[in-house]
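Residue 270 in our numbering sits at position 270 of the sequence shown; the count goes up by one each step and never skips.
Bear in mind the hints are in silico, worked out from the structure with no lab data behind them.
Do not take every clue at face value.
Stated by the list, open to error - Straight-line distance between alpha carbons at most 30 Å, and here's what the computed DSBU-like set of lysine-lysine pairs gives:
hint, residue 1, residue 2
1, Lys246, Lys171
2, Lys306, Lys221
3, Lys7, Lys84
4, Lys210, Lys302
5, Lys246, Lys221
As the list claims (entries may be wrong) - Label pairs and their computed distance ranges (CB to CB):
hint, residue 1, residue 2, range
6, Glu25, Pro136, 45 to 51 Å
7, Lys73, Glu198, 19 to 25 Å
8, Lys110, Asp166, 43 to 49 Å
9, Ile103, Leu267, 43 to 49 Å
10, Ile103, Thr56, 47 to 53 Å
11, Val243, Lys73, 24 to 30 Å
Computed from a prediction, not measured in an experiment: that's the story for all the values here.
Even glycine gets a Cβ: it sits at the ideal position worked out from N, Cα and C.
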Amino acid sequence: MNAIVTKGLTKKFGEFIAVNNIDLEVGNGEIFGFLGANGAGKTTTIKMLVGLLPPTSGSIFVSGIDVVKQPLKIRETIGYMSQKFSLYNDLTVEENIDFFAGIYGIAFKKAKQLKEELIERFQLQEFRKFLTKDLPLGLKQRLALGVALMHKPKVIFLDEPTSGADPIARKYFWELIQSLANDGVTCFVTTHYLEEAEFCSRISLIDSGKIIACGSPNELKRKYFQTPIFEVDFGNLEKNIEVYRKGVSNSEISFFGSRLHITMKELSVSENDLRIQLTSTFGEQPRTIRRILPTLEDVFIKAIQK
């Protein structure tokens, strides 16, 4: 039995369709990434999955429980870390843990044991007496994840868990997620950081409420990119993107910061072939041209364009 299954999941707000006919299957112990730009429908979807928002139509089963019919029951069996932490800023780290242990109905002796395990696992030993409001964002995120796991759920939903964190804190957080998956916990993670999705077992890309692609990171790269990709640095991209697109035949071109990513439609094109074509067309030689592996950002852009 899969940990999460949805069929035809749809949410409308008046005439606006926020989530449009989504089918998902997430296996036990899987890190499943749900990716999309801000406003794509990620948070609306996750709120339906955890029973906080009723769908307009469709079905949701999490750990075999019908979420539409039993939204309160599902909350006893899952963990949920929202974008806005449900921590109490005027309580210490320890007091927050004690509070959530009480919310989950964990017996005192067991709660005391779990608290020490949580503090050790999430490296909060020296901060246990700190007020939560005085913690750096990365430590708040660790604590929020920890209290969401107090009752040992088999499925946890993480909505933009690393938003705003620095790269070191984000890396550490993903190491925690990986350790949970190694323990058999299913992790459903929404994010707009496409580089983070490389850590996921599988990902779904959502755009305007619709799933536009689903698979492992490598499967999606192979699906969308069977021909070479080149990164080109002109030093200064003064021309409109359409000028570059018209100037390079048999290719697809996207801006990536100050560089171009050029996806050729022929397998045989070399770096030198492209250099000659670009120099001839634009009257200037690129600073650098190098063949690159596709990123998930490349995949996302191409999936949207299709």
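Now the hints, each set against the structure:
no.	hint	verdict
1	Lys246 / Lys171	40 Å, violated
2	Lys306 / Lys221	15 Å, holds
3	Lys7 / Lys84	28 Å, holds
4	Lys210 / Lys302	15 Å, holds
5	Lys246 / Lys221	25 Å, holds
6	Glu25 / Pro136: 45 to 51 Å	37 Å, violated
7	Lys73 / Glu198: 19 to 25 Å	35 Å, violated
8	Lys110 / Asp166: 43 to 49 Å	35 Å, violated
9	Ile103 / Leu267: 43 to 49 Å	58 Å, violated
10	Ile103 / Thr56: 47 to 53 Å	30 Å, violated
11	Val243 / Lys73: 24 to 30 Å	58 Å, violated
Violation of the numbered hints given earlier is confined to hints 1, 6, 7, 8, 9, 10, 11; the remaining hints are satisfied by the structure.
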